[in-house]
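Residues per chain are reported as follows:
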Amino acid sequence: MIKSENTFLPDFSHIYVESEAKKYNLTRDCLDRFPNANIIEISDYKSFFNRKNQDFQTQKKSIKLILAVKKPPFIYKSTDILQDGGFKNFYYNTPILNCLYNCDYCFLQGMYPSANIVVFVNQNDMMDAVDEKLLSREFPKDPLALSISYNTDLMAFENILPITRSWINFANTKSDLLIEVRTKSALFNSFSDLSPSNKIIFSWTLSPERVVHKSEFDTPPLERRLTAIQLAISKGWKIRLCFDPVLIYGNWEKDYSDLLDKIIYSVAKNNIYDITVGVFRMGRDYFQRVRKSKPKSIEYYKNYVEENKIMTVSQEEKDAVRTLFTKKLKDYISKDKIHFWI
Amino acid sequence: MNFLFLTALKVEATPIIKRFNLEKDLKTQLFINNNISLLITGVGKHKTKFRLKSIIDLKINWNETIIINVGIAGGEKNKTNIGSIYLINKIIDEETGKIFFPDILIKNNLEEISLTTVINSVSDDSFNYTGLVDMEASAIFESLSLYIPCHRFIFLKIVSDHMNILDWKSINVESLIQKQIESISKIINSYNNQNLSNRIILDKVEINLLTKYSKKLKLTKTQSIELMLLSENFKKNNGLISGLDFYFKQIPKSKQERNKVFDKIRKHLSA
Chain C
1 MIKSENTFLP DFSHIYVESE AKKYNLTRDC LDRFPNANII EISDYKSFFN RKNQDFQTQK
61 KSIKLILAVK KPPFIYKSTD ILQDGGFKNF YYNTPILNCL YNCDYCFLQG MYPSANIVVF
121 VNQNDMMDAV DEKLLSREFP KDPLALSISY NTDLMAFENI LPITRSWINF ANTKSDLLIE
181 VRTKSALFNS FSDLSPSNKI IFSWTLSPER VVHKSEFDTP PLERRLTAIQ LAISKGWKIR
241 LCFDPVLIYG NWEKDYSDLL DKIIYSVAKN NIYDITVGVF RMGRDYFQRV RKSKPKSIEY
301 YKNYVEENKI MTVSQEEKDA VRTLFTKKLK DYISKDKIHF WI
Chain P
1 MNFLFLTALK VEATPIIKRF NLEKDLKTQL FINNNISLLI TGVGKHKTKF RLKSIIDLKI
61 NWNETIIINV GIAGGEKNKT NIGSIYLINK IIDEETGKIF FPDILIKNNL EEISLTTVIN
121 SVSDDSFNYT GLVDMEASAI FESLSLYIPC HRFIFLKIVS DHMNILDWKS INVESLIQKQ
181 IESISKIINS YNNQNLSNRI ILDKVEINLL TKYSKKLKLT KTQSIELMLL SENFKKNNGL
241 ISGLDFYFKQ IPKSKQERNK VFDKIRKHLS A
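Going down the list, the sequences are from chains C and P. Take the working numbering: the last position of the first sequence gets the number 342, and nothing is skipped along the way. Take the working numbering: the last position of the second sequence gets the number 271, and nothing is skipped along the way.
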């Protein structure tokens with residue numbers, strides 16, 4: 001689903017630039033990309049991003065861009081909610097805060113007070129931090145797995161700023177680094193000139209078209225994501241397929257069953273690194289914050305259960321998801337390559 | 001949407017009062033016509049805060065109200081033109097150092113600029129303020145931002161001088177505002193957009209009814225909150241709240257009885 005209300009200013013009509021960020025190349029690139037934007041200088045991105053009484057969903061109708069200098073920490077240990085894909089040294093970083101897309105179930109709307117997007121222009125500092133962590137990682141015999149798209153969809157931003165590309169190039173110079181780029185974007189052709197790298201896993205989140213249309217606003221349709229996946233596989237890149245979250249609604253089994261049939265039929269399994277499956281889950285505090293803002297989405301008005309401060313679906317529903325995916329995928333990929341996050 | 005104009009001076013208000021046919025309500029001191037109202041705050045942060053405090057408790061539907069501060073301002077000589085109207089995108093309170101940002105989400109044709117709110121009027125251009133200078137904007141934002149989200153503040157300033165005026169009476173304020181009244185009207189039209197109001201699930205009637213039910217059943221605070229949340233779930237999933245009357249017909253005689261009834265309500269609303 002795409003934005004249609006033309007009474008709102010286009011995204012990035014305004015760019016808020018930290019004084020300290022002005023000297024960075026990424027800032028200059030970004031300002032060149034939006035020559036008609038109103039530029040407003042700020043001393044600290046938090047003075048704009050963390051204002052009181054912002055409305056996340058209204059701001060989503062006209063997203064503003066913030067260019068800032070990230071201060072330490074530049075790298076974080078993974079959380080319980082983030083899928084670690086079985087990696088012992090699993091970290092994430094935040095090249096960008098917030099997302100161009102607006103998925104109903106996204107935790108970002110509970111995590112951040114603002115829907116505006118923060119781009120940290122000192123990406124090199126983040127790369128230096130990864131270098132340091134590579135040397136001091138807890139399990140030296142295992143690679144360091146780094147999710148660079150945890151708090152954003154970095155690939156969706158590639159036409160604006162080629163940050164994913166710079167991380168791919170960075171990973172290619174490291175021996176023990178594996179980078180996960182989680183996305184719903186169809187912009188894979190931005191990398192058509194790059195040779196496939198075994199340091200990169202592109203993780204595409206897939207949902208039935210009904211879910212894409214109803215709950216994944218501004219994201220590319222399923223078909224375009226599948227085309228991007230097929231292109232990536234044909235080039236030899238490692239691909240992870242993510243069905244996360246699987247949403248529960250009337251007739252969800254049929255929709256997800258049809259989706260899996262389509263994937264089994266159209267996506268060559270040879271370069272599928274693994275598959276992850278999850279259900280709706282959100283930290284209680286984030287959930288309550290979203291709920292308090294009275295979102296239009298029905299996802300926040302269901303009867304969830306609370307498990308260890310996480311709001312999620314019932315065990316019965318989790319079992320149904322596990323059963324469906326296990327059954328459908330059993331002839332497509334080996335069992336050990338399916339990771340359930342439920 | 002409702003629009004609440006705030007001006008510091010009567011002469012700033014006059015063109016707006018005329019344009020929107022506002023009439024003074026003696027009880028509230030607001031000038032009102034349907035969804036548009038106006039309050040004269042007086043000059044300076046102190047008076048402004050005091051006047052705004054007096055209207056907070058009025059029965060204004062803050063969920064749908066857009067604040068429009070219209071007034072004259074001093075402008076930086078090389079960047080602004082006398083008589084021009086500007087939309088403010090950043091407000092700096094000179095006294096406290098606090099900075100406020102209204103969200104600018106709606107399309108408009110106005111030039112944007114930053115504004116500094118000062119304590120005393122500026123008549124010496126050697127201070128080198130960037131952008132515009134006024135005496136109320138930061139107080140307005142600070143006083144009302146508890147009730148109004150950042151995207152429902154509009155600050156429109158018309159440059160009256162280049163901070164070099166010795167005789168303030170020489171400025172024809174009413175004329176300056178009058179010349180921009182169509183720009184102000186256009187802003188009203190473009191912001192008259194229901195997407196800017198607070199989202200609600202339960203309407204006032206439903207909330208009052210549930211509050212009444214809670215009192216009748218002597219629900220605990222936690223139960224009352226849960227009743228509201230479950231009712232929101234029910235309405236979101238079913239379109240309306242129904243079938244609750246049955247549970248509230250009798251007043252429970254004990255806590256146990258109340259809890260039993262509440263369990264039944266919980267089941268009903270969770271179905």
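It is worth saying that the hints were derived from the structure and are not from the lab. Predicted, not measured: the structure shown is a model, and the values here were computed from it. Just to be clear, a hint being listed does not mean it is correct.
Claimed, not checked - Facing chain P, a subset of chain C residues (Cβ under 8 Å, in silico):
#  : residue
1  : LEU9
2  : ARG33
3  : ILE40
4  : LYS46
5  : SER47
6  : ASN50
7  : ARG51
8  : LYS52
9  : ASN53
10 : GLN54
11 : ASP55
Heads up, the beta-carbon is just placed ideally off N, CA and C, and yes, glycines get one too.
Evaluated hints:
1. Taking 8 Å as the C-beta cut-off, the interface hint given for C:LEU9 holds, the closest approach to chain P being about 5 Å.
2. Hint status for C:ARG33 relative to chain P: violated, with the closest Cβ pair at about 20 Å, above 8 Å.
3. Taking 8 Å as the C-beta cut-off, the interface hint given for C:ILE40 holds, the closest approach to chain P being about 6 Å.
4. Here the hint on C:LYS46 is broken, as its CB sits about 11 Å from the closest CB of chain P, past 8 Å.
5. Among the interface hints, the one on C:SER47 holds; its C-beta lies about 6 Å from the nearest C-beta in chain P, closer than the 8 Å criterion.
6. With a cut of 8 Å, the hint placing C:ASN50 at the interface with chain P is violated, because the nearest CB-to-CB distance is about 11 Å.
7. A least Cβ separation of about 6 Å between C:ARG51 and chain P falls short of the 8 Å threshold, and the interface hint therefore holds.
8. Of the supplied interface hints, the one on C:LYS52 holds, with its beta-carbon coming within about 6 Å of a beta-carbon of chain P, less than 8 Å.
9. Nearest Cβ of chain P to the Cβ of C:ASN53: about 5 Å, under the 8 Å cut. The hint holds.
10. A distance limit of 8 Å between C-beta atoms decides the matter here; for C:GLN54 the minimum to chain P is near 5 Å, and the interface restraint holds.
11. For C:ASP55, the suggested interface contact is upheld, since its CB lies about 5 Å from the closest CB of chain P, less than 8 Å.
Checked against the numbered hints given earlier, this structure breaks hints 2, 4, 6; the rest are met.
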